[in-house]
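J.: Take a look at the letters that make up each chain.
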Amino acid sequence: MSNLPSHARVVVIGAGIVGNSMVYHLAKLGWRDIVQLDKGPLPNPGGSTGHASNFIFLVDHSKEMCKFTLDSVEQYKELGVFTQSGGIEVSRTPERVEEFKRRIASGKAWGVEGMHLISPAEVKKLVPYLNEKIILNGFYTQGIGTVDSLRAGTLMREYAQSVGALQTFANTEITGLPVENGRIVGVETNRGNLRAEIVVIACGLWSPRLARMAGAYIPLTPAVHQMISVGPVPELMDTVGEIKYPIVRDMDTNMYERQHGSDMEVGSYAHRPILWAPDDVPSNEQAALSPTEAPFTQADFDPQLEQALELIPDILGNEKVGIRYAINGLLSLTPDGFPILGETPEVKNLWSVAAVWIKEAPGIARAVAEWMTHGNPEIDPSGSDIARFYPHQKTKTHVNARSAEGFNKTYGIVHPREQWASNRNVRLSPYYEREKNLGAVFYEAMGWERPQWYESNAKLLDEFGARVMSREAEWDARWWSPIINAEHLALRERVGMVDLSAFALYEIQGAGALDFMQKMAVNQMDTPIGRVTYTNFLNEHGGIKADLTVMRLGKNHFRVVTGAFDGARDKKWLTDHLPDDGSVTLTDITAAYSTLGVWGPQARAVLQTIGETDWSNDAFSFGTCKYVDFGTVHVLASRISYVGELGWELYVSFEQGAKLWDMVYEAGQRFGIAPVGIGVYGTTGRLEKAYRLYGSDLEMEFNLVEAGMMRAKVKAQDFIGKAAYLKQRAAPPAALLCSLTVDDHTSSSGVKRFMQGREPILTLDGGPIEDARGRRSYVTSAGAGPSLGKYILMSYLPPEYAKVGVKLKVEYFGEHYPVTVASVGATPLLDPENKRLKA
Amino acid sequence: MNILVCIKRVPLTGGKISLTTDAQAIDTRLMGFTISPHEECAVEEAVRLVEKHGGAATVLTLGPVDAAEQLRDAMAIGIERAIHLESDGREFDPVATANAIVEAIRADGATFDLLLFGNEAADTGDFQVGVRVAYALGLPCMTGIKEISVNGNQVTAKREIPGGWEIFDAPLPAVITVKEGINLPRYPSLPGRLKAKKKPLATTQPAWQDGGLQKIKLLNPPEEAHQVEILGKGPEAAPRVVDLLAELGLL
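Heads up: the protein sequence lines correspond to chains P and L, in order. Going by our numbering, 767 is the number at position 767 of the first sequence; the sequence numbering is gapless. Going by our numbering, 170 is the number at position 170 of the second sequence; the sequence numbering is gapless.
Since the hints were derived computationally from the structure, they do not count as laboratory data. Some hints could be false.
[Claimed, not checked] In silico negatives: residues of chain P with every beta carbon more than 10 Å from chain L:
id	residue
1	Pro178
2	Gly182
3	Ser262
4	Pro273
5	Leu305
6	Arg324
7	Asp618
8	Glu655
[Unchecked claim] Stretches of chain P that chain L covers, calculated by requiring three or more beta carbons in the stretch to come under 8 Å of a beta carbon on chain L:
id	stretch
9	420-430
10	818-828
Every residue, glycine too, gets a C-beta built ideally from N, C-alpha and C.
Could you put the whole structure together from the sequences, leaning on the hints where they help?
T.: Written out as structure tokens, the structure is:
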């Protein structure tokens, strides 16, 4: 065995499907001097890849996961290791039949082809050994298949070696990851140390342990997925190759049945969550089979036996067919179900590519390699960015609670607004007790408990009557209340108060603060002190990295205000670009200030009675902020609005928050103030105003011109992404973000249906719409516009459709509903002149 | 015929074995458990004999609560019922184990024509329990057996010795301890697993006895040194590989 080199440009730790895909894509993108290490032997070092069932279903409700999967299948095909077998998800319950319609819609939105709903008889035709009498229907996708993931890994390594880019060392265990000045500088192993500029942790369920060596966190947990393999099956003996019959997923029992040669593999996600600690996973030497093939715990699988037998009675009921292999296979679970990708926020040049399954590994590796190379992956991986986690989300308690809760949702029917039940009440605003007393229904935002609506506002339902746009279908009304729309109307017609304490707040200070903010932001940052600017951050390629507001509080003092869901990522982006000379500091003051929004035609009237300043338009114009005393409470009032109304965000030190709440609430009574939840702030209020939401309407895959957010002028100063932005401005956009309204909500059964977002937008003849860059049109945001009496959808449309009045369709649970383009770009449907905002 | 098979729950080895810090036991935290391999063959043999000659087979174990898993495993491949002598986790030595089994057999009331044991347990390797039970019950005993045939009231058992076989005839009832290789145990089928869940399993708690054996501590044997010799690379290596295979008598 040759010796380790003393230096490498990049070290990839792990030779499972993820590590192998990483070295492959790095080599393809021109990286050289790559060293790959694994503590196990090749080609199966003993991680999760070695025992994976290796099949790939294509549809996922998440856009990025679906796209990673589709890309991965293409790559596996190119490597010649993919066998297309087709696959069928079968339903046993009416809810699942409905869910399949939703899955088809997601597939259409993300570009999956060859999907069909088929009858039990048709399922039987494709899978003759299946008992069709117990199923209601099937969701067939032609492009489903299996891969030889170990062979794929070998081919990928061989490619990287053949271009002289890679040296791989098996049986080499990492003993330390040295860090100097916050930067990784190499790896220490049982066979010697090497210096490296970049280290990539791609070692699956061992990743947390590796990250801790460097002082970083990869918040995942090893967990058990039980699988048995039975055989030899007489019905399968004549199969040439690995698989002849479509793979079956028995969704309502959380199981799958997949042919593997003359055997049938039965896997389950139905058993109790069985989590392991990374340190308890045995070494290759200690393990009876492999470290990730833990001893089977029969009792956990017993309930599934009968369900499997019901569906596949001929094969599994054969007493001559034995259970030849049964394992508690270990895989990685994360607290939100998404992979963990990107450079760790704790250590520079230390990257994570973890919690990635066979079905998406090559696609994800391509994206991460692009990210490492030029910062602009073709498929936006932001939802899986390791920088998304806040400190509490990296704790073992949180990781284990959410991973356990998420495990049984693997095949679940998960509503887009469904809330987590475990580990709640982690971050509470100073208004929390008062909100609770008002009957707040709390939804979680990265640990924060935020009122989605208030049951105490139920009295508004009578007042607003039919204008609250009630929903008849259970799914549409799930995790929702008509009170949201009533609160909306109360705010638009009188005044509302909104808890915005979940905002992430960063102070940017120092001699270089202005130059720094100029570099980061698209908008002019050299504004008068007291100016509030809504702006974006771009990456070098003009992809939208962030969407936020900046207050200039002093010559060398800015406050960045961003949303809870983006705050941690935005913090890393800012921190990464801080100058090395210490001339600029970033201070996270999220926990020091709470924020209360007061908006509505009566907002000024309310605040005039308690805040000691001149609140008039002349003295306090839109887009400005200043300090105002409310008795003994010192408040920074900022006149902007995400709901398009007259009003202010009031920033108050955390310990005085409750006092401010009481003052506003009491003063507001005679003006009819209502506490208003995030249901209004995050959906109905902003949609009427065509305000975009990062992660839904804005993402790296679209640019500002397409989003209709091109500013009139481009500032003279340089900023990140400027050159790309200038190019984008000069070229005609491939798509434009539009607001559409639903013309008729009535389904074929006469029930009014309301889309929830992420549905495909279709032409009048029902075909998908694709722009010149191959991106399909889908609903980026959906919600009621109670003040308009309309239901609003946002979608990127190619220019030929992006015209007011164009008629299109939206697919929802298998039916097509007529929609009309109501506005193109940022022009809002409500108050396009912004008279309310500037009242 | 009526057969009793006695089995033991042992750690599922295959990797490096670690000991607890007091060196009194194997560290089984990461391990699965299984039926001791010789006894797995005894279970299979019992099922085959019943398939051939009719009757019923019973499986018995002395072990902790979790040893019920191994009883269910045995019932999953065709044993009809199980007796669990549940221990409190303390180890019974061979004398105590044999005493407990003999008491259980007497208490059970059934008349067994054949009592099958494994030749020795995979973990403690005492080679004693079958012999002691036979002695206590006054039955003929044949050990290290790799073939069994029953003919009426007679049983014939074959033991492999260097260069040949020793063949024993004995009247039933008798005790036989079997060795791996007597058969290839079958895998449980899915219906077998389901049936096993419903088969009768009787549990009693025998008092712990001090059989007189005292454990000082466990030791890991020194690792055997591995010697790797690379015979060559590519087609050039072929002649040396052929020579080696011939040397090993494989050609």
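J.: State for each hint whether it applies.
T.: Cross-check of the supplied hints:
{"no.": "1", "hint": "Pro178", "verdict": "holds (29 Å)"}
{"no.": "2", "hint": "Gly182", "verdict": "holds (36 Å)"}
{"no.": "3", "hint": "Ser262", "verdict": "holds (13 Å)"}
{"no.": "4", "hint": "Pro273", "verdict": "holds (19 Å)"}
{"no.": "5", "hint": "Leu305", "verdict": "violated (6 Å)"}
{"no.": "6", "hint": "Arg324", "verdict": "violated (5 Å)"}
{"no.": "7", "hint": "Asp618", "verdict": "holds (74 Å)"}
{"no.": "8", "hint": "Glu655", "verdict": "holds (48 Å)"}
{"no.": "9", "hint": "420-430", "verdict": "violated (count 0)"}
{"no.": "10", "hint": "818-828", "verdict": "violated (count 0)"}
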